Amino acid sequence: MNTETDISAQDMFTETAIGKQNRHIENVVKIFFLIMTCLMILPLLLIIGYLFYKALPVLSLDFLFTNPKDNMRAGGIWAPFLGTIYLVVVSLLVTAPIGVFASVYLNEYARDNWFTRIVNLAVVNLAGVPSIVHALFGVGAFVLFAGLGESILAASLTLAIMTLPVIIASTTEALKAVPMSFREACWNLGATRWQTIRRIVLPNSISGILTGVILQVSRAAGETAPIMFTGAVFFKPIAEGDFFAYNIFDQCMALSLHLYTISTQVPDVTEGIPYGTAIVLVGSVLLVNAASIILRVYLRTRKKW
Amino acid sequence: MKFIQILFSFEGRINRSGWWLLNLPIFVIFAVSAVTFDFPINKSLEHIQVIILLVLALVHITISAKRWQDKNKSALWLLFHIVPLICSVSILAVKLTSGWWELFHLITVINGLWTCVELGFIKGTEGSNQYGPDSETSSETVIDAYISICGISSIIFVFGIFFFVFKEGAGFLFGGLDIWQFLTSEEWYPTSLENKRYGTFALILGTFSVTALAMLLAVPFGLGAAIYVSEFCSPKLRETFKIVIEFLAAIPSVVWGFIGLTLMNQLIIQVFNAPIGLTMLNGGIMLALMSVPIIVSIAEDALKAVPDSYREAAEALGATRWQVIYRVLLPAAKNGLLAAVLLGAARSIGETMAVLMATGHSVNIPSGPLSWIRTLTATIAAELGEVARGGEHYQVLFIIGILLFSITFVVNLIADLVIKGIRQS
Numbered sequence: 185m186n187t188e189t190d191i192s193a194q195d196m197f198t199e200t201a202i203g204k205q206n207r208h209i210e211n212v213v214k215i216f217f218l219i220m221t222c223l224m225i226l227p228l229l230l231i232i233g234y235l236f237y238k239a240l241p242v243l244s245l246d247f248l249f250t251n252p253k254d255n256m257r258a259g260g261i262w263a264p265f266l267g268t269i270y271l272v273v274v275s276l277l278v279t280a281p282i283g284v285f286a287s288v289y290l291n292e293y294a295r296d297n298w299f300t301r302i303v304n305l306a307v308v309n310l311a312g313v314p315s316i317v318h319a320l321f322g323v324g325a326f327v328l329f330a331g332l333g334e335s336i337l338a339a340s341l342t343l344a345i346m347t348l349p350v351i352i353a354s355t356t357e358a359l360k361a362v363p364m365s366f367r368e369a370c371w372n373l374g375a376t377r378w379q380t381i382r383r384i385v386l387p388n389s390i391s392g393i394l395t396g397v398i399l400q401v402s403r404a405a406g407e408t409a410p411i412m413f414t415g416a417v418f419f420k421p422i423a424e425g426d427f428f429a430y431n432i433f434d435q436c437m438a439l440s441l442h443l444y445t446i447s448t449q450v451p452d453v454t455e456g457i458p459y460g461t462a463i464v465l466v467g468s469v470l471l472v473n474a475a476s477i478i479l480r481v482y483l484r485t486r487k488k489w
Numbered sequence: 088m089k090f091i092q093i094l095f096s097f098e099g100r101i102n103r104s105g106w107w108l109l110n111l112p113i114f115v116i117f118a119v120s121a122v123t124f125d126f127p128i129n130k131s132l133e134h135i136q137v138i139i140l141l142v143l144a145l146v147h148i149t150i151s152a153k154r155w156q157d158k159n160k161s162a163l164w165l166l167f168h169i170v171p172l173i174c175s176v177s178i179l180a181v182k183l184t185s186g187w188w189e190l191f192h193l194i195t196v197i198n199g200l201w202t203c204v205e206l207g208f209i210k211g212t213e214g215s216n217q218y219g220p221d222s223e224t225s226s227e228t229v230i231d232a233y234i235s236i237c238g239i240s241s242i243i244f245v246f247g248i249f250f251f252v253f254k255e256g257a258g259f260l261f262g263g264l265d266i267w268q269f270l271t272s273e274e275w276y277p278t279s280l281e282n283k284r285y286g287t288f289a290l291i292l293g294t295f296s297v298t299a300l301a302m303l304l305a306v307p308f309g310l311g312a313a314i315y316v317s318e319f320c321s322p323k324l325r326e327t328f329k330i331v332i333e334f335l336a337a338i339p340s341v342v343w344g345f346i347g348l349t350l351m352n353q354l355i356i357q358v359f360n361a362p363i364g365l366t367m368l369n370g371g372i373m374l375a376l377m378s379v380p381i382i383v384s385i386a387e388d389a390l391k392a393v394p395d396s397y398r399e400a401a402e403a404l405g406a407t408r409w410q411v412i413y414r415v416l417l418p419a420a421k422n423g424l425l426a427a428v429l430l431g432a433a434r435s436i437g438e439t440m441a442v443l444m445a446t447g448h449s450v451n452i453p454s455g456p457l458s459w460i461r462t463l464t465a466t467i468a469a470e471l472g473e474v475a476r477g478g479e480h481y482q483v484l485f486i487i488g489i490l491l492f493s494i495t496f497v498v499n500l501i502a503d504l505v506i507k508g509i510r511q512s
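Note that the protein sequences, when read in sequence, are chains V and D.
Just so we're aligned, residue 185 is where the first sequence starts under this note's numbering, counting upward by one.
Just so we're aligned, residue 88 is where the second sequence starts under this note's numbering, counting upward by one.
If you're looking for bench data, these hints aren't it; they were derived computationally from the structure.
Because the structure is a prediction, the values reported are computed rather than measured.
Certain hints may be false.
[As the list claims (entries may be wrong)] When the alpha-carbon atoms are kept at most 30 angstroms apart in a straight line, the in silico BS3-like pairs for lysine-lysine are as follows: (1) K214(V) with K204(V); (2) K254(D) with K283(D); (3) K323(D) with K360(V); (4) K360(V) with K329(D); (5) K421(D) with K329(D); (6) K360(V) with K391(D).
[Stated by the list, open to error] Chain V is faced by these chain D residues, among others (derived, beta-carbon under 10 angstroms): (7) I230; (8) K254; (9) G263; (10) T271; (11) W275; (12) P277; (13) E281; (14) I314; (15) F328; (16) F345.
Cβ atoms here follow ideal geometry from the backbone N, Cα and C, with glycine treated the same way.
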């Protein structure tokens, strides 16, 4: 910036006018971007705080363990809560093995050719399909074609296919984190491909895989559209306190659909109940997410390589 | 040994884990078929079901034969499998007295347990025998096959989604629907008694206008946050921000809709003095908050992918941070940033519950941020529950599904190509 050739040492270290201006610009820019970031984070805190504040009058253990009463205008959320657990567990049982194996295939088996690119493209597109289209697919394939009817099973299968990319993506990341030299060392000892995966790759990436599985749970728990027409119903009371109250060929209630119903379809609901439902839904989803984050941080601290 | 040979050939050997890996699914499928005998499985599928069961039975027999050979015994030992069959046939055909009945039952159980132990638990001969070489790794073929099947499952699912949605809507799509009217008419009267009209123009416009509004809000904030997180943050602060963004992404869409319905509704009524706050603006803000996490995380990846040497070179020339960002990073990462915006938009287009609850839900050509709109997704969600299966209206909803699938497919494809473009250059 200073084009003169005979600068003294003094001049070199005093700030020029342009330098000062640049520093100011930089600070302004930095603060500007910081504000933008904060404007994104603020709503999160605001929303959780607001929901919690409004829900406070109804929140208690009883709220969790009683059925909705009085045409859903009063009571608790036991039936939808248990229904969501059923949907999540069944979909997890289906999607976890398929997802993990699919990403093992993509990482360890597939060569870099056109077919693999198509598989990858399919995963990306599966993740991009709108949730309501998954619902239509669930109706067409599971409810009608396979003859499962509107049932927990049909809804869970729909959720399973919808959340498959979540597991594939995070498992792929976990498998990629295992250094290639581990595999090479194992192959050099004469191990086969599956032995290498079984003894070296999977044990070293198990925590990352678990993170993906947990994220799947949080995603599946919050979805509404895919289960609306495949198995979740507006109202279905069940035995309170009985954890095996649903049959997987039955329909069930679900927290997310319950929140939609009581906030849009049912008039005169007791003030706090929708907020209570919302905070239980958000709370469980965020708790599950927090568990996955803690697992990830823990894993990073004890990583051996 | 090839997987097909393992399934259908009587020659060669197989080890215990291979036998189990193939048999367990077969057992499960047979058990489910037996239990759900009365279950309303689609009757038109019955013959397919029978064929599948017969093929599975054949597979069970061939791998059991190979298991006997693995123990250096002839496949003729398979004849022992017939014993329980004879027993059950004679129990059913000849009316046995109770003493005989129980004896035959006992024989069946003992025979079953014995073959199970013999085939499933006792090791084959070591090294090669007269039926083939050592079978130690023969189960790996089975595992490899399973993994490959899971690997290509996503292709099957994507095609399955298209196929089944298409199948439900195809009848009306090719027989009766005026596609031009479907795309360009703004008259959506699917339940009208004398003149049903299926024009989705207002819905398409609703979807795109609310998405555009959401992107208008989300893109500057998302890119700004991505720049801050990637260029200005200390590593620790960066981790914190990323966790917060993950939380933001995890909030279910129905909760966003609920927030739109309650908090944002009141806010808009008060700030804009509007009669009702369930408007395009409301939905746009909700969608912006939902798609910002995607934009931030992908844009940050794109910025991080710019080599540090670019930054160092620019700073060595005396550029300020802002100049580095504006002149070097943004041009270098522009493809990735474009992909981030596209994926954020795809998310907004496909979002259902939030727009269903927050945008006022009335079919309307949008005239401004405070007008009520309805989107393609919300229409399906609101009306599918109330239509008769197989009717015209029902099929039109599936055709809207095809439209949505195609739109997001194209947007995702472009985003993917853009990202691939970065990796290659």
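Each hint, compared with the structure:
no., hint, verdict
1, K214(V) with K204(V), "15 angstroms, holds"
2, K254(D) with K283(D), "22 angstroms, holds"
3, K323(D) with K360(V), "24 angstroms, holds"
4, K360(V) with K329(D), "21 angstroms, holds"
5, K421(D) with K329(D), "22 angstroms, holds"
6, K360(V) with K391(D), "18 angstroms, holds"
7, I230, "5 angstroms, holds"
8, K254, "6 angstroms, holds"
9, G263, "20 angstroms, violated"
10, T271, "22 angstroms, violated"
11, W275, "17 angstroms, violated"
12, P277, "16 angstroms, violated"
13, E281, "28 angstroms, violated"
14, I314, "6 angstroms, holds"
15, F328, "6 angstroms, holds"
16, F345, "5 angstroms, holds"
Against the hints set out earlier in the document, violations occur for numbers 9, 10, 11, 12 and 13.
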